[in-house]
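Novice: Model the full structure from these sequences, guided by the hints.
2 protein chains.
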Amino acid sequence: MDTSAASPASKRASDILDQVKSVFASNGFEGASMQDLAQAAQMSVGNFYRYFSSKNAIVTALVKRDLEEIETFFEAVQSSENPGVTFMSLLRHRIETLPFEKAALWSEVQAASYRCPEITTLMCAMDETVRRNVVMALVRIHGDDSAAAREIFETRAQLLMLLVHGFAQRKYCTGADAGSEDYVALGELVLSTLHDTIFTPPALPAE
Amino acid sequence: MDTSAASPASKRASDILDQVKSVFASNGFEGASMQDLAQAAQMSVGNFYRYFSSKNAIVTALVKRDLEEIETFFEAVQSSENPGVTFMSLLRHRIETLPFEKAALWSEVQAASYRCPEITTLMCAMDETVRRNVVMALVRIHGDDSAAAREIFETRAQLLMLLVHGFAQRKYCTGADAGSEDYVALGELVLSTLHDTIFTPPALPAE
Chain A
1 MDTSAASPAS KRASDILDQV KSVFASNGFE GASMQDLAQA AQMSVGNFYR
51 YFSSKNAIVT ALVKRDLEEI ETFFEAVQSS ENPGVTFMSL LRHRIETLPF
101 EKAALWSEVQ AASYRCPEIT TLMCAMDETV RRNVVMALVR IHGDDSAAAR
151 EIFETRAQLL MLLVHGFAQR KYCTGADAGS EDYVALGELV LSTLHDTIFT
201 PPALPAE
Chain B
1 MDTSAASPAS KRASDILDQV KSVFASNGFE GASMQDLAQA AQMSVGNFYR
51 YFSSKNAIVT ALVKRDLEEI ETFFEAVQSS ENPGVTFMSL LRHRIETLPF
101 EKAALWSEVQ AASYRCPEIT TLMCAMDETV RRNVVMALVR IHGDDSAAAR
151 EIFETRAQLL MLLVHGFAQR KYCTGADAGS EDYVALGELV LSTLHDTIFT
201 PPALPAE
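Protein chains in written order, with UniProt numbering: chain A, 1 to 207; chain B, 1 to 207.
Bear in mind the hints are in silico, worked out from the structure with no lab data behind them.
Don't take every hint at face value.
Copies of the same chain look alike in the list, so a pair counts if it works inside one copy or between any two.
Stated by the list, open to error - Within a straight-line C-alpha distance of at most 30 Å, the following computed BS3-like cross-link-like pairs (lysine-lysine) qualify:
#1 64 <-> 102
#2 11 <-> 64
#3 11 <-> 102
#4 55 <-> 171
It should be emphasised that the depicted structure is a prediction, and the values quoted were computed from it without experimental measurement.
Specialist: Next comes the structure, spelled out in structure tokens:
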């Protein structure tokens, strides 16, 4: 149970995010105006500005909300008696249920990050947080906290993130009909590659 | 040697593509106007329209040019005496030299593909061509043209494309300073995953 007391204002802000995120996916980050966004939230532009002062502020809030989800994900891994099994089962859930809309929005934010230094900074900070959490999970799974193992885990964490993001983005063609056999087969191959990436013992240089 | 006789008009069109592609990366697909694009090509808007009638026409031409490069890539694999070694060495070249700008442009086109059915169709056709070529390469490498092997190769082809694209897109944070040790280490791990994907014999169901 979530016992944190979300203020009515932050609950409203979160509802607005749900209402506007599809505007970015359908109009593009550059193509979405504050008018379009206010309209999607069924608010006047003036009132909308009280919640979000710019498109960048909205993207920032979306990314921060994603980060909270990701933190919950890794808390479950860290507190599990069998972190490797928990990690794999959460990854499987993510691979099997990632919505198309989220992949579209993520593509949009990534494209925007090439143009906008604030978004780049934000995306890189998010990336860094995820990566640190993956490394912590791998340290716990292998029971190896040496500097040499950590270096290997840092690179593996990146491969893992590449696989999960890359899989989501491949949905746009192969998953045109979601749940196509093709896409399910790719999901299984990605999961088996994730499995190897997580469980192969780190090959340390001979002493 | 390329002995095809490129017409002066198509040579000019190709030059224009080189001049305008960075506008998409810096302004975004929706944010780039025909005025911006004509200016980048140092042409009047009227003259520019004689070469490209719309932004979609430019994206189409960019994707088609990419496809020609890719065809050259796979012709080299197919005509090689040792297709597996040639495939790996071309992939290594691609992983090591992919320019940042190309990754940015590809992100932009991919984001646009979520919004624009014509671009989706084009991207999926390109995807399909690459995939068919990878499958043909795997058939030749393993000397196995059975339906069961082809099905396995179809899925592996997708993993391969996911890895190459995903790697390019990870450049935006980790490769902020291109050639960072971090990014080089990830490149090596991606190449070793590509190697396994290409060379592991297809596990066929027992007869």
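Novice: Now tell me, hint by hint, if it's right for this structure.
Specialist: We went through each hint and held it up to the structure:
1. Both within a single protomer and between protomers do residue 64 and residue 102 lie at most 30 Å apart by alpha-carbon distance, with minima of 14 Å and 28 Å respectively.
2. Taking the shortest alpha-carbon separations for residue 11 and residue 64, only the intra-copy value of 14 Å comes in at or below 30 Å, while the best inter-copy value is 47 Å.
3. In this assembly of identical chains, the alpha carbons of residue 11 and residue 102 lie at most 30 Å apart only when taken from the same copy (20 Å versus 40 Å across copies).
4. In the homo-oligomer, the alpha carbons of residue 55 and residue 171 lie at most 30 Å apart both inside one protomer (26 Å) and across protomers (24 Å), since each shortest distance falls under that limit.
Checked against the numbered hints given earlier, the structure satisfies every one of them.
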